[in-house]
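**Q** Kindly generate the complete structure, drawing on both the sequences and the hints.
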Amino acid sequence: MAKSKKSTLDRREVVKTILAQRQDALLVTGLGSSCYDAGTVDHPNTFYLWGGMGGAAMIGLGLALAQPKRRVLVITGDGEMLMGLGSLATIAVAKASNLTILVIDNELYSETGMQPTHTSQGVDLAGIAAASGFKHAKTLHSLSEVKDSMTTIYKTPGPVFLDIKVNANRYPLSIRLRDGTHIKNRFRESVLGAKAFD
Amino acid sequence: MKVLKKAKPTWPLEIYNVFETVNIQQVAFVPDAGHTTLIKACQANPKMQTISLTTEEEGVAMLAGAWLGGMRGALLMQSSGVGNCINMLGTIRECRFPLLCLVTMRGTWGEFNPWQLPMGQSTARVLEDVGVVVEAVNEPSNVAETVFACAQMAFQTNRAVAVLIGQRVVGFKDWSK
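Chains as they are written, first to last, in numbering that gives the first Met the number 0: chain A, 0 to 197; chain B, 0 to 176.
Keep in mind that the hints were calculated from the coordinates and are not lab data. Here the structure is a predicted model, which means the values were calculated and not measured. Certain hints may be false.
Computed footprint of chain A on chain B; a stretch qualifies when at least three of its residues, placed anywhere within it, have a C-beta under 8 Å from a C-beta of chain A [claimed, not checked]:
id, stretch
1, 60 to 71
2, 85 to 95
3, 107 to 113
In this text, a Cβ means the ideal position worked out from N, Cα and C, and glycines have one as well.
**A** Shown next as C-alpha cells:
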C-alpha cells in the first residue's frame, strides 16, 4: 500500500458543488465535518448525524429502500466510513440502486485533533467498495472530476461509491441545528407531508 | 435427559403474522438459530425487504433510515448482538426513532456455554440503561401478543422497544449427553 499524495481539493467547495444539483434528492450526513459542510447549504431533506459514528451509510440504505423513487446521498468522512466498513458489504448485497455514498476523505480525524486515519496509509475505500460489489466505485482527486461525476452521483444505477480526496482545511461549525428529534421530524415532514405524524 | 427443545414451535410464524398486521416492511437480521423460521418466512414475502447484516448496529441505523423514509422495520438478533448496538441506540434515543427489536436470548435459562453468560445476563439491564423499553417473554403462547404490543408501543410512541425471547421459549442444548 502506497501513501496517497496530498489533495488540493477544498471540502466545502466539493460539498457545495455536489449539493447545488440535489433537486429532490435526500441526504444523510455523517457526524463532524461532513455535517457542518452540508449545514452551509441547509435543506429540510437533509438528515444530520451528530453521533452514531459508523451509521451514516446504513441510515442511507434504510432510507433508499423506503424511498426507491428518489436518489439518496450519504456524505460522510473517511473516519466515519472506516468505522462502518461492514456496511459496504451489506449495501452491496442489498443492491440499493438509488444509493450514492460520498466520502469526503481528508485522511484525518478532524474532530478529535487531526490524527491520521488508515486512508492516509493507503487503505483504498473505493477499492473496498468495488470488491464488495458496488456497481460503481472510484476515487476522485480534482474539482473537474467531481463536476464530471454529477450523472454518476444522481442518476447512474448504484449503489455508487465515490471517495473524494480533499485537503486538510478545517472550518468553524456552520450549523446550529442539533436537536435530533427536531432534525428527524423536519426531515419526515418534508418527505412524507402530514403522514409524518400519523 | 429428554431433548428440551420442542419439535415445531408455532411462535415464529405467529410473529410473522404480527409483522404483516403491523406493516413491517424492512427486516434486518444477523442470522440466529432461534429466528430461522421467522427469517425464512419474511424472505419468502416479496413485500418485505430482508437485509442480512455484518453486525447488529448496522440494523439499528438502517431502521432509523427506514423510518425517515416512512417505512416500519424490525431488527432480529441474538442477545450477544445487543452489546454491539449500544452507541447506535443512543442515536435512536436522541432522535426519538421508533425501533422494534426481537432478541433471542442466550446465556440464561439452561445455557451450557459459559462465554454466553456475560452478555446474556446483562442484556436487559444494558438495554434499559440506554433507554430501550424491555419486555421479556418466557411462555411460547405469549410471544405473538407481546410482539404486537411492543410494535404498537414502538411505532405509536416513537420509542425503542425490545422483546427478549427467553431460552424457555427458544429451547436450549442438553449438555448432559
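**Q** Confirm or reject each hint.
**A** Now for the hints, and whether the structure bears them out:
no.: 1; hint: 60 to 71; in the structure: holds (count 11)
no.: 2; hint: 85 to 95; in the structure: holds (count 7)
no.: 3; hint: 107 to 113; in the structure: violated (count 0)
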